[in-house]
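With chain A held as given, fit chain B onto it using these hints.
Given next are the chains, with one letter for each unit.
Protein chains: 2
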Amino acid sequence: MSGDLGPRVAMLAAQKFAVLYNDVDLLVVGDEPQLLNLISANKASQNQISIVHAPDLVTMDDDPVVALRHRQSSSMWRAVESVKNDLADACVSAGNTGALLAISKHLIKTFPSIDRPAICKALPTAKDTTYFLDLGANINCTAENLHQFALMGQVLAMSSGAIKPRIGLLNIGTEKSKGTDIIQAAQSFLQDDARLNYGGFVEASELFSGNFSVIVCDGFHGNIALKSSEGTAHFIAEKVRRLLTKNWRSKLIGVFIAPLLKQLRSELDPSRHNGASFLGLQKTIVKSHGNANEKAFLEALVVAREQVLQQIPTRIQQQFLNN
Amino acid sequence: MSGDLGPRVAMLAAQKFAVLYNDVDLLVVGDEPQLLNLISANKASQNQISIVHAPDLVTMDDDPVVALRHRQSSSMWRAVESVKNDLADACVSAGNTGALLAISKHLIKTFPSIDRPAICKALPTAKDTTYFLDLGANINCTAENLHQFALMGQVLAMSSGAIKPRIGLLNIGTEKSKGTDIIQAAQSFLQDDARLNYGGFVEASELFSGNFSVIVCDGFHGNIALKSSEGTAHFIAEKVRRLLTKNWRSKLIGVFIAPLLKQLRSELDPSRHNGASFLGLQKTIVKSHGNANEKAFLEALVVAREQVLQQIPTRIQQQFLNN
Chain A
622 MSGDLGPRVA MLAAQKFAVL YNDVDLLVVG DEPQLLNLIS ANKASQNQIS
672 IVHAPDLVTM DDDPVVALRH RQSSSMWRAV ESVKNDLADA CVSAGNTGAL
722 LAISKHLIKT FPSIDRPAIC KALPTAKDTT YFLDLGANIN CTAENLHQFA
772 LMGQVLAMSS GAIKPRIGLL NIGTEKSKGT DIIQAAQSFL QDDARLNYGG
822 FVEASELFSG NFSVIVCDGF HGNIALKSSE GTAHFIAEKV RRLLTKNWRS
872 KLIGVFIAPL LKQLRSELDP SRHNGASFLG LQKTIVKSHG NANEKAFLEA
922 LVVAREQVLQ QIPTRIQQQF LNN
Chain B
622 MSGDLGPRVA MLAAQKFAVL YNDVDLLVVG DEPQLLNLIS ANKASQNQIS
672 IVHAPDLVTM DDDPVVALRH RQSSSMWRAV ESVKNDLADA CVSAGNTGAL
722 LAISKHLIKT FPSIDRPAIC KALPTAKDTT YFLDLGANIN CTAENLHQFA
772 LMGQVLAMSS GAIKPRIGLL NIGTEKSKGT DIIQAAQSFL QDDARLNYGG
822 FVEASELFSG NFSVIVCDGF HGNIALKSSE GTAHFIAEKV RRLLTKNWRS
872 KLIGVFIAPL LKQLRSELDP SRHNGASFLG LQKTIVKSHG NANEKAFLEA
922 LVVAREQVLQ QIPTRIQQQF LNN
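One line per chain: the protein sequences are A and B, in this order.
My numbering puts the first residue of the first sequence at 622, with every later residue one more than the last.
My numbering puts the first residue of the second sequence at 622, with every later residue one more than the last.
Extracted from the complex, chain A is given alone in its bound form:
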């Protein structure tokens, strides 16, 4: 019901998802009259979609604590609850990140040996995918938290085919002496853990190099790195747009290179990489970007399905049992 664009996007994506994958059933949780209205346009996927009514919703501005206390009748709460009660295998939401995290932690819980869930996203790189975590779930992290993030990220990387995923630790330099005490302590944990292929410190300039399968950091640093890269891409795109509309000659060039720009935009398209996982929880919860369009929301649904099929939560549990 929430997200920047409201329930329409989620419903359209759900219908497309049901058509694409006939092995899935969908519970669409929210205000029933509104949702019934949205679904009527498309009959093909109807037998895979059930609507679950929820009279309330979590707004984008709700404080997570408020959501936790007063939003038990919200669509978000009920969707997560359906996962808790095994009515669903996974939950995807484009709503308030902090609230989704708080409700998920409360209802689903992390595995006993995992202190906190981490938000993890697959980054496009010059080579293979890089799994980057934490992206904002944990503002302050201990070295133990960072170590756990590495173990969880490794599971995702291996499930997508990496044999000995190279793990990097985000820092402001690659020399071994760099960084805060926490980062120094985390380095020791990662080096000493025989399960991990630790590759050393990574600077933020290397995020998209593809030299690491997993990059670990605290949620504050992850948020800054990712948002800074979004801002830069936007800044460059705006520069290009201005250059191409300056005069008739540049406009002509613009027409000429339109297919090229389209391809570039498609390769860098954030909607192709939508769907952040809350790793460490006992079930699959996927966060879609708040301003995700239909295509992007669909991508988040695909991520959730993949993680259910790959049994990511169970594999993470096993990873920690091997301690």
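In case anyone wonders, no lab produced these hints; they're calculated from the structure.
A couple of the hints might just be wrong.
Identical chains share a label here; the pair holds if one copy fits it or two copies do between them.
List time: in silico BS3-like cross-link candidates among lysine-lysine, alpha-carbon distance up to 25 angstroms [what the hints assert, rightly or not]: (1) K797 x K705; (2) K799 x K730; (3) K799 x K726; (4) K797 x K916; (5) K872 x K799; (6) K730 x K867; (7) K872 x K748; (8) K867 x K748; (9) K883 x K867; (10) K797 x K726; (11) K785 x K748; (12) K785 x K883; (13) K799 x K916.
These numbers were taken from a predicted model, which means no experiment stands behind them.
Same frame as chain A, now just chain B:
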């Protein structure tokens, strides 16, 4: 003598700088035989350039503490010392950042009311310049440090023409409740300081928006934000290069849009924005990027000259006396 490209770049830039500005005299500090060899090619600027011999150098890998203890005969030490002894108004170096900072703090000192110097850089934005600090001098900052950074950044912004520079505090969200305890405390200081036009929290995605004249953060966050943006720009440039060399048709397009790409590259050119200031010191010290080419090093020299003419250190001192 140091930097990734050695003394040749600095000497070439110095000679060009002397030709461009006949109000400057230059002390080029380093290994005299090598420097004499480099200068011989150009006579025009010779009467503005003196060579000061230094038998040793700080390497890019030297630990700052080692540099401080054992590199008193290095070119870096002697260059900073010449500023301390009023033989020069400013020092520009492309060498080891940590060592330059340590030596500068040791020899030049900060003003009494300033705890630590901050590294500040002018970012290109969609509108005016944004002064961004700290970029790595201080890994851990107190709220008081961040407040001081704001006061120093304001001086730079006003010296470049901003009337009531809008000050932002880097955070992972714009809601007032977001961020660490330190950021929350810094927010109070900035809000309560009548000298400052505090504009609230800034997310890293807004770094290049031009909506703030000054953006303040601790050195760890600043380093991550800036390097992440460098990495993203590099990633996009590489994507474009690949697209333009894929087949004969894309190569033809590449030839056709070469002037456009050249202009784009020039507008985004990091060498146009080279020269980071160590604010808070009693004299002007400017850090050129380690891999600066001649043009970029020249830009750092221009920044240093401007800060001397604008009496930035004195203005910063006055800003803190108005407390």
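Inset, instruction - At 25 angstroms max between alpha carbons, let me know whether K867 reaches K748 within a copy, between copies, both or neither. - result: This pair counts as between: shortest inter-copy Cα distance 17 angstroms, intra-copy 35 angstroms.
Legend entry - Same-copy or cross-copy closeness of K797 to K705 [CA-CA at most 25 angstroms]: neither (43 angstroms within a copy, 33 angstroms between copies)
Inset, instruction - Evaluate K799 and K726 at a C-alpha cut-off of 25 angstroms and name the case that applies: within, between, both or neither. - result: Answer is between: at 19 angstroms across copies they meet the 25 angstroms cutoff, but 33 angstroms inside does not.
Inset, instruction - If the cutoff is 25 angstroms on CA atoms, where do K799 and K916 land: within, between, both or neither? Let me know, please. - result: Result: close neither inside a copy nor across copies, 41 angstroms intra and 30 angstroms inter.
Legend entry - Alpha-carbon proximity context of K785 and K748, limit 25 angstroms: The answer is within: 15 angstroms in one copy meets 25 angstroms, while 46 angstroms across copies does not.
Inset, instruction - Have a look at K872 and K748 and pick one of within, between, both or neither, based on CA distance no larger than 25 angstroms. - result: Cα proximity of K872 and K748: across copies only (22 angstroms, versus 33 angstroms in one copy).
Inset, instruction - With 25 angstroms as the alpha-carbon cut-off, assign the pair K872 and K799 to within, between, both or neither. - result: For K872 and K799, the Cα distance exceeds 25 angstroms both inside one copy (48 angstroms) and across copies (43 angstroms).
Inset, instruction - Have a look at K797 and K916 and pick one of within, between, both or neither, based on CA distance no larger than 25 angstroms. - result: Neither: 42 angstroms inside a copy, 32 angstroms across copies.
Legend entry - Within, between, both or neither: K730, K867 at alpha-carbon 25 angstroms: Result: close neither inside a copy nor across copies, 55 angstroms intra and 49 angstroms inter.
Inset, instruction - Could you place K883 and K867 in one of the four classes (within, between, both, neither) given a Cα distance threshold of 25 angstroms? - result: Intra 19 angstroms, inter 15 angstroms, cutoff 25 angstroms: intra and inter.
Legend entry - Alpha-carbon proximity context of K785 and K883, limit 25 angstroms: neither (35 angstroms within a copy, 41 angstroms between copies)
Legend entry - Alpha-carbon proximity context of K797 and K726, limit 25 angstroms: between (35 angstroms within a copy, 24 angstroms between copies)
Checked against the numbered hints above, the structure violates hints 1, 4, 5, 6, 12, 13; every other hint is satisfied.
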